[in-house]
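**Q** Residue numbers (my numbering), protein chains in the order written: chain A, 1 to 558; chain B, 559 to 850.
What the hints contain is simulated information worked out from the structure, not anything from laboratory work. By construction, the Cβ of each residue, glycine as well, lies at the ideal position given by its N, Cα and C atoms. Among the clues, some could well be false.
Some chain A residues close to chain B (C-beta under 7 Å, calculated; not the full set) [stated by the list, open to error]: (1) L75; (2) S78; (3) A79; (4) V96; (5) A383; (6) V392.
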Amino acid sequence: MELLTVENLSFSYPQAGGRALENVTCSVRRGEFVALCGATGSGKSTLLRLLKRELAPLGERSGRILIGGTPVEELPASASARTVGFVMQQPEQQLVTDRVWHELAFGLENLGLPQAVIARRVAETASYFGIEDWYEREVSGLSGGQKQLLALASVMVMQPEILLLDEPTSQLDPIAASDFIATLRRLNQDFSLTVLLSEHRLEEVIPLCDRMLVLEKGRLLESDAPRRVIPRLGDRPELLCAMPAAARLGAALGAQTCPLTVREGREWLGQWLGQLCRETSCEQPPQACGKEQSSPQGAGPAGPPALCFRDVWFRYERSLPDVLRGLSLTVAQGELFCILGGNGSGKTTALGVAAGLLRAYSGSIRVFGKRIREVRPGDGCVAALPQDVQTVFLRNTVREELEDAGVRPESLPFDLGGLYDRHPYDLSGGEQQLLGLAKVLAASPRLLLLDEPTKGLDADTKRGFIRILRELQASGMTVVVVTHDVDFAAQCADRCALFFRGAAVSVGAPADFFSENRFYTTAANRMTRGYFDRVVTVKDAIARCRGCRREGAPHEGN
Amino acid sequence: MYSLSECNPAVAAVCLLSAAGIAMFCMNPVILALSLAGAVCFFLVRNGAGGGKSHLFFCLLFAVLALVNPLVSHNGVTVLFVLNHRPVTLEALLYGMAAAAAVVSALYWFRSFSQLMTGDRLLYLFGRLSPRLALVLSMAFRFVPLFSRQAKKIRQAQRALGRLREGNIAETFRGNVRVFSILLTWALENGIVTADSMAARGYGVGRRTQFSVFRFRRGDAVLLALTLLFFGGACVSLACGALDMVYYPALVFPECTPLALAGYLCYGLLAFLPSLAQGWEVLRWSCLRSRI
Chain A
1 MELLTVENLS FSYPQAGGRA LENVTCSVRR GEFVALCGAT GSGKSTLLRL
51 LKRELAPLGE RSGRILIGGT PVEELPASAS ARTVGFVMQQ PEQQLVTDRV
101 WHELAFGLEN LGLPQAVIAR RVAETASYFG IEDWYEREVS GLSGGQKQLL
151 ALASVMVMQP EILLLDEPTS QLDPIAASDF IATLRRLNQD FSLTVLLSEH
201 RLEEVIPLCD RMLVLEKGRL LESDAPRRVI PRLGDRPELL CAMPAAARLG
251 AALGAQTCPL TVREGREWLG QWLGQLCRET SCEQPPQACG KEQSSPQGAG
301 PAGPPALCFR DVWFRYERSL PDVLRGLSLT VAQGELFCIL GGNGSGKTTA
351 LGVAAGLLRA YSGSIRVFGK RIREVRPGDG CVAALPQDVQ TVFLRNTVRE
401 ELEDAGVRPE SLPFDLGGLY DRHPYDLSGG EQQLLGLAKV LAASPRLLLL
451 DEPTKGLDAD TKRGFIRILR ELQASGMTVV VVTHDVDFAA QCADRCALFF
501 RGAAVSVGAP ADFFSENRFY TTAANRMTRG YFDRVVTVKD AIARCRGCRR
551 EGAPHEGN
Chain B
559 MYSLSECNPA VAAVCLLSAA GIAMFCMNPV ILALSLAGAV CFFLVRNGAG
609 GGKSHLFFCL LFAVLALVNP LVSHNGVTVL FVLNHRPVTL EALLYGMAAA
659 AAVVSALYWF RSFSQLMTGD RLLYLFGRLS PRLALVLSMA FRFVPLFSRQ
709 AKKIRQAQRA LGRLREGNIA ETFRGNVRVF SILLTWALEN GIVTADSMAA
759 RGYGVGRRTQ FSVFRFRRGD AVLLALTLLF FGGACVSLAC GALDMVYYPA
809 LVFPECTPLA LAGYLCYGLL AFLPSLAQGW EVLRWSCLRS RI
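Between the sequences and the hints, there should be enough to build the whole structure, so can you do that?
**A** Laid out in structure tokens, this is it:
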């Protein structure tokens, strides 16, 4: 039964050139889990917002949207608020009140329900989502993942029939994001809740969803099960690069049924290699294929040090526990160095210490041989870009922002043209990141510190960002990146470090680093483990598979 | 009977405000001494030996307030000594001490009041007046710390970029003005998201109700009844003039009539009621815990 029907929907924003949506027709059945994919600016948010009447943007609209057979405009106000739940991207800003319990009750208060009903619904929702332990806490003290879960719970407490989510995990770390997606799956399975979700991080969503809608420049490109859609995206690298690693490998090698998860990817790869062996009448089992006898590259830094921590201890307040516990780490000049690790492992703190924002109480930190206390901000030695990139903007247009910082646009390794008259807050996440980068580069630092630069970026933008980092590195800059994104680190880093409880527990080149890790590694590595050595990116995996095929007999290969 | 931190916020507010209120409108030394003792006792019961700095501040404030009056006011008939050709009188000194006791005890009461009345409790109190006001308060409680955190983050980000120069005052001032102006933009920008989130959850659809986690239990009723009883007794005694004290030109202490004694008793009980409630709960809890 169709719960949601969209017929010939077109939409254009006032004073905008083209159409944001063009002739979109689709429908969603009750209980379906649908993923909405597409690059930034493809119209995902516009479509989702048009489905929720209260959030529909102003502009010119044609076509019809039916929810349960009724056009959205004709739903009564309270029914519209209740039936369609909407969860947004920003965990902090979409919460309204100061306490967890009040946030949960907020929607029900708006509907004017009596106290006893609110009490029961809030209680059962809180226990379902496991938020009893922090029920009376203040919202400001919650982690990002908890805030987003609370936002979901306070929508679910109103018992919606369809749940719309606009990039809900883009601001979360990977573990919180998986938890969130698992919760969505549980809601979908337990209550047959209809879910329509737009997302950049598709690795975990694609295997769950029944159907994916692919939008491109406002047009609906595909609407089908992921296994059928992904092979058809083969010639569109900008869309394909957002898909799960297994699916990308399968699509590149022309799999009949597209694998979606790491497990399916492994099975499929085993069969594929086995078949290759049979075709080339090779006696060796596929497991032996593509073994490489190269010794691990030296884990030590290559050049003179740019940044050197020696036995650094730090805590935020005298009475609080240590955050950095004897951190020792050396980053060589000209390196692109990635710091990985879980929440609270001290990654961001280490960056703050290196930037001179925080002062360690013990140990030594040297930047290009100079002690950190002698390094003055703005003398071209070290500059940092914080995680929340909005905090670096002070002006009303991009142009003023650049002039204020003294940036010469022609000296930048990327183009900000076309954005000059926009407000920094109106830019997309990727554009904001670039503007922030431009401001940092104005001080022409030799050491650049970046905190989670890929947070909330779509896969294609991320590829562009990696290119820019490489260019900066080629111009002689040392770059240290703190990130949760293992795929990003595998693709761009010269060396990676894993932080755990305030110290760097392992350091190495990505190929060694990730193939020695079992859990903390990329999907491509987990998938090819045992078949190939030292493969950490999908690109490597594809190259190795193709290499095997070309060589004919895989065991003679390398 | 529950301790004030456990009981219904309305009851706690009535209890503290009535104890502080009487002390603010009465210059009777006994009442003021009781108020000061009760307020300090309750503060100590709640905070233990901590808060040494605030005690020191209150002591200094008491001394200053008590000494300023005899230095500027020269009314009164009992001259203690002459300073700079001006008489310093006993009456003025006592009046100063009484006024200081009133101020300091009120400050202690309100200290405890602000500790007890966290955001959600105030919300419960004022939300009774209007669910809309309740929401505005709740949002305000959230936004103020949110802004100060964001301001701190912006300042740090500027420092990390090497952009915020902390040289002379003019530059620091200009930097702060700029941070403040972008903070306003940020607030509006975030306000849009919050407003969207509110609209999405049906804000403004109809008449709002108010949900709260506080209930009115039997122990609350007991505490409220006791508070009102003691407050009423003290008020009657006060209204009949049994507690009136005259400072100028000469000291006239109130007579020890039964009505005055009843007034002292009632106020004494009222001033120590918060501490007693706390003590009662500790006692009850240790008794209950022994059975676990």
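**Q** All the hints need checking, so say for each whether the structure fits it.
**A** Now for the hints, and whether the structure bears them out:
1. L75: Violated: closest Cβ of chain B sits about 11 Å from A/L75, beyond 7 Å.
2. S78: This interface hint holds because 5 Å falls under the 7 Å limit.
3. A79: violated (9 Å)
4. V96: holds (6 Å)
5. A383: holds (6 Å)
6. V392: With a closest approach of 5 Å, the A/V392 hint holds.
Comparing the model with each earlier hint shows violations of hints 1, 3; every other hint is respected.
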